[in-house]
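Chains as they are written, first to last, in our numbering: chain A, 1 to 405; chain B, 1 to 449.
Accuracy of the hints is not assured; some may be wrong.
Below 25 Å or equal to it, Euclidean Cα-Cα: the simulated BS3-like pairs (lysine-lysine) are [claimed, not checked]:
1) A/Lys278 - A/Lys328
2) B/Lys51 - A/Lys273
3) B/Lys418 - A/Lys243
4) B/Lys51 - A/Lys183
Incomplete in silico selection of chain B near chain A, CB under 7 Å [what the hints assert, rightly or not]:
5) Asn175
6) Pro198
7) Glu416
Simulated from the structure, these hints should not be mistaken for lab results. Built from N, CA and C at the ideal position, the CB exists for glycine as well.
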Amino acid sequence: MRVTRRICSYSRAGLSNTTAKPVASYVSTQSPRPYSTNPPKARLNIPTDFSTTALLAHRPQTALQNNELPAEVRNGTTQQMNLFQSINDALSLALASDDSVLLFGEDVAFGGVFRCSMNLAEKYGAERVFNTPLSEQGIIGFAVGAAAEGAKAVAEIQFADYVYPAFDQLVNEAAKFRYKDGKAGRDVGGLTVRMPCGGVGHGALYHSQSPESLFTHIPGLRVIMPRSPIQAKGLLLSAIASKDPCIFMEPKALYRAAVEQVPTAAYTLPLSKAEILKDGFDLTIVSYGHPLFTCSSAIEKAEKEFGISIELIDLRTVYPWDKECVLKSVRKTGRCLVVHESMVNAGIGAEVAASIQEDKETFLRLEAPVGRIAGWSVHMGLLYERFNIPDVARVYDTIKRTLEY
Amino acid sequence: MKIPFPRQLFRPGPSLTFHSTAASQAQRWSSSLSQKAGSAGVCFPGAVNSKFTNAMTFEQPSTYPAIPTYRCTSPDGDIIDSSVALPSNDVALKMYENMLAVSIMDMIMFDAQRQGRLSFYMTSQGEEGTCVGSASALEDGDVIFSQYREAGVFMQRGFTYEEFMSQLFANGKDNGQGRNMPVHYGSKALNIHTITSPLATQIPQAAGAAYALKMQHRQNPSTRPRVVACYFGEGAASEGDFHAALNIAATRSCPVIFICRNNGYAISTPTLEQYRGDGIASRGIGYGIETIRVDGNDIWAVREVTKRARELALKDGGRPVLIEAMSYRISHHSTSDDSFAYRARVEVEDWKRRDNPITRLRKYLENNNLWSDEKEANARKRLRGEVLKAFGEAEKEKKPPLRAMFEDVYAELTPEIKAQMKELKDMLDRYPEEYDVTEFEGGKESLST
């Protein structure tokens, strides 16, 4: 397990062609994915152009127009950051504002294999930012105990694929802590577990997983996945401040690829609240994390070709999720697709689709079955990732078929 | 060359010695990375004190002497280590009474379970000394994580009969709000974390909690330094959590006392099928943790060892200490277990008669003219009365409000949970014949609002 991780973490070909280079050069350097390249004649399945996508704030004004930000942040400045830099910024602000914040995990002290904790040990001391032995159950058990005694414990699991040894601590301990303590009144709201997740093109079976729905089955945990640097910073600061234990999943393909102007001040964004990224009237697409960029490209093509408008919703927190926002949108559009990277079986899509058909008012408004575009019910084979993760063509095709139904 | 067990530290006799590896740890930290020019050989970063040898020998665990078991009171109740600071007579009597109280409560509750008056119970027979003795050496501010057979710790800390009984009967006064099986006690006021059933999960939590306490003291030196005490059985020490916990506690220098109750059985599995090494104590040394094995039937030894462990745990900014307390589980594992299916009745009777922590302390008290048959009879009668009174009252109490089922999952009720609460209320309204909610405080009405 360890050997594999090392190989992956130091050869991030799918993320960038070198390590730690200046952010600005990423925008122009689109290194081809070694295992997932697009065919020359493709008109749908072409890589996301992160330098132009509407989902990122390329200019300071765009970043500061966000109504969810408090006025003083909107009147402040921005800085260009990629996703790992905005995570780093959030962690730094949390460590600076509260002595009880601790940051730890495997290889965290030197900056983390994805550079999210860079310079934090130097800045905040080796007692607050530190390496742990290689034991996920130990890391999370330690974090639960620290949170139980008042620390804001921010624990890193190096890859979401390796969280399983810690499952007992998360499901039986962290999630039930407040419930079992009852009137004694203790909780582990101070616990935040960060983990990189999702495919990068070459992660194969053990460096590509996106196990959010294993956690969304567990009452007591808040499960969050940001789509962008601005979102990551605000949602991570909310997760750290939250009174409930949070699982914070970071789409690792976006660590370097997603670059935008990020407000420099500290700010939080609401948990368990979805965001409508684009208004529309004929169809609603519900997604979160990395596939939102795929959805955005597919929407662009479909709207142009079919003369329709599509609403795009980012769930942001996948549990407890913002049902009201989704139902309201579907009551308006009458059609809905759910898109996620992880396997379709018992995934987020199942829960969203079930909730839509269960709500009488929304059910009556449906013009077509709710569609799910997600990973197939297989493992992430090395060579097959581009056929497995929802791509623009599959989203486009399902939009088309849903409209034609 | 015998590195893992520093043989020179083993001393025969009753002297209290923690097996230490702290010195080699410090050295390793400062010299692990670079080699001096002209060195005769390399120094591997993973074992910097290891000497090279041209004699190929596999280490034989069987050639190491077993770690000795410290005791300071003979089975006849005589003090055999004069260096031990014994508590005052009042404290000694109170501790005896606490052990007695646990054993009396155990008998009453075991029978009550058999009569179907509560769903489940776990007794502590044979381990009262380990629990009461160690708890008596801790300070009130120290934080405790327990497994499930530590009623003695709760009793010594001041958990009341009412609190025990409220939890056991899952009534409205139960902190746990009727959410958990019996014996899952917890108390914020007493700094004891609420018990959960999964084994060993509390051990890495104890390490993390100890680290939080250490940081709090460091950031606010005017506060009293605190330690964490963590209890678990020898069976739980096979779980990965145990190993993860000791390792992380050692590397992060956490002020935590790990207290293993080695009672010989994990449900039915005897220690011979649980491990092949020298008990749990030998593992502490492997993790670079100061370790001692103690006679769990000797309450003064347990108390003394815990006191010294507490001092060590707070030394030089903090460090973990491991105590392996040896005892014999006289009780069945739980009320769901009949241990005579896997062990001879005579073995149990033998242990019960030959040595047990309550009789040993009684002998000590009698030797010092502090106890008599008459006092024993009176105390037993009084304690039995107190337990039965709390029992009767707790059994009559209403259950918590039904609403408690939905609360405390999140800090605030989520819209989903609110909707589900309403849905259940609606069911109870429309099918009143199908549900009996009379035992719950406020009936179905607590589900409104």
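Verification of the hints:
The hinted pair formed by A/Lys278 and A/Lys328 meets the criterion: a straight-line CA distance of about 14 Å does not exceed 25 Å. Among the hinted pairs, B/Lys51 with A/Lys273 is inconsistent with the structure: their alpha-carbon atoms are about 61 Å apart, more than 25 Å. With a C-alpha separation of about 18 Å, the suggested pairing of B/Lys418 with A/Lys243 holds against the 25 Å cut-off. For the hint pairing B/Lys51 with A/Lys183, the CA-to-CA distance comes to about 57 Å; that exceeds 25 Å, so the pair is violated.
Interface restraint check: B/Asn175 against chain A, minimum CB-CB distance 5 Å, threshold 7 Å, status holds. Interface restraint check: B/Pro198 against chain A, minimum CB-CB distance 5 Å, threshold 7 Å, status holds. Annotation: interface hint on B/Glu416 holds; nearest CB of chain A at approximately 6 Å, less than 7 Å.
Comparing the model with each numbered hint stated earlier shows that hints 2 and 4 do not hold.
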